[in-house]
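What follows is each chain in one-letter form.
2 protein chains.
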Amino acid sequence: MRPATPRVYGLWEIGRRTLELFGVSLEQTLGPAPQTVWYEDLEVGDRFVSTAGISVSEADIIDFARRFDPQPRHIDPVAAKDSLLAGLVASGWHTAAITMRLLLQVGLPIGDGLIGAGARLDWPTPTRPGDELFLELVVTSKRLSRGKPDRGVITVEYDTRNQRGELRQHTRLSLVALRRPDPSV
Amino acid sequence: MRPATPRVYGLWEIGRRTLELFGVSLEQTLGPAPQTVWYEDLEVGDRFVSTAGISVSEADIIDFARRFDPQPRHIDPVAAKDSLLAGLVASGWHTAAITMRLLLQVGLPIGDGLIGAGARLDWPTPTRPGDELFLELVVTSKRLSRGKPDRGVITVEYDTRNQRGELRQHTRLSLVALRRPDPSV
Chain Y
1 MRPATPRVYG LWEIGRRTLE LFGVSLEQTL GPAPQTVWYE DLEVGDRFVS TAGISVSEAD
61 IIDFARRFDP QPRHIDPVAA KDSLLAGLVA SGWHTAAITM RLLLQVGLPI GDGLIGAGAR
121 LDWPTPTRPG DELFLELVVT SKRLSRGKPD RGVITVEYDT RNQRGELRQH TRLSLVALRR
181 PDPSV
Chain X
186 MRPATPRVYG LWEIGRRTLE LFGVSLEQTL GPAPQTVWYE DLEVGDRFVS TAGISVSEAD
246 IIDFARRFDP QPRHIDPVAA KDSLLAGLVA SGWHTAAITM RLLLQVGLPI GDGLIGAGAR
306 LDWPTPTRPG DELFLELVVT SKRLSRGKPD RGVITVEYDT RNQRGELRQH TRLSLVALRR
366 PDPSV
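First to last, the sequence lines map onto chains Y and X.
Numbered per this note's numbering, the first sequence spans residues 1 to 185.
Numbered per this note's numbering, the second sequence spans residues 186 to 370.
It should be emphasised that the hints constitute simulated quantities derived from the structure, not laboratory data.
No incorrect hints appear here.
Far from chain Y by the CB rule (all over 10 Å, computed), these chain X residues:
1. Glu321
2. Ser326
3. Pro334
4. Gly337
5. Val338
6. Glu342
7. Asn347
8. Gln348
9. Gly350
Chain Y regions said to be covered by chain X (calculated; three or more residues, Cβ under 8 Å):
10. 70-80
11. 105-116
12. 121-127
Glycine is no exception: its CB is placed at the ideal position from the N, C-alpha and C atoms.
Let's have the full structure, built from the sequences with the hints guiding it.
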């Protein structure tokens with residue numbers, strides 16, 4: 001039976017950190033986290049929140065942008081000062097990559113059997129040096145595949161915000177999820 | 186006057202590489218590439234193609250994923266062999282970052298005055314080690330802002346394909362573009 005109110009996750013992370021204080025890893029205690037995630041494991045309304053943030057420095061922003069998005073506004077603090085965005089800002093693709101890292105930390109069961117198929121990103125404001133980014137996620141829809149009876153599509157939506165609550169990215173992600181195999185077959 | 190057929194770019198890159206063979210940089214010859222891009226600089230139907238690809242190795246895939254998406258399918262070639270995707274594959278966010286790098290190489294005039302506001306990504310197949318990725322882009326729409334008379338929104342769509350033409354990512358990107366200032370004002 002499912003709880004009446006949406007579940008709030010992040011406890012796995014809290015537990016892991018608490019145990020770390022005593023020099024014990026969660027994996028030693030409970031065994032490895034579950035690796036296979038099925039279509040049945042996520043329900044509309046399930047919520048996940050990050051309990052630890054990821055800090056973004058000017059050096060992080062420049063390092064990522066040198067590899068993938070070497071525009072002056074992302075790599076040159078002096079030139080960026082006079083740009084439309086008034087200061088060095090992270091590439092939106094850097095915010096997207098950090099958001100993926102946060103997604104693995106919120107306790108959303110991600111593993112084999114769950115594959116990103118597409119995403120819609122909005123960047124209302126750019127990530128800036130000194131931001132600490134957090135994630136809040138909700139499962140917004142799920143439906144079975146019409147063509148392939150062994151799988152479905154789950155949609156999750158999440159906000160990437162900094163320590164002041166400023167929205168840096170909103171994401172809608174479609175995940176292909178396998179159905180749990182029928183043990184009677 | 187605009188040409189009757191859509192423009193095909195990439196010549197800047199060809200020119201740069203040709204000059205490099207003789208030890209001369211394009212910037213020495215022509216001065217820096219234009220930095221400010223206006224709403225008026227792009228028209229629906231304009232096409233841009235990459236003339237040089239970006240190769241993706243297993244080490245590249247693992248390095249990116251260790252930072253941003255450390256799932257077994259992206260960092261562990263042995264575990265990945267038995268996964269749904271049958272072998273190590275790049276994080277979709279890595280494909281997105283490489284695609285940004287390609288976007289800066291196709292000759293699309295990107296610079297100050299042009300800011301990514303949102304994107305829609307589809308990953309029909311994942312990037313794999315040994316892929317060399319190329320980009321083909323078309324400007325699909327443009328409209329003036331209703332609220333802010335100094336700017337508009339330009340939409341571009343592009344395909345990221347490997348050397349065998351396999352589609353790794355389709356992107357629809359919305360760009361906020363400033364209008365060229367009126368010199369008579």
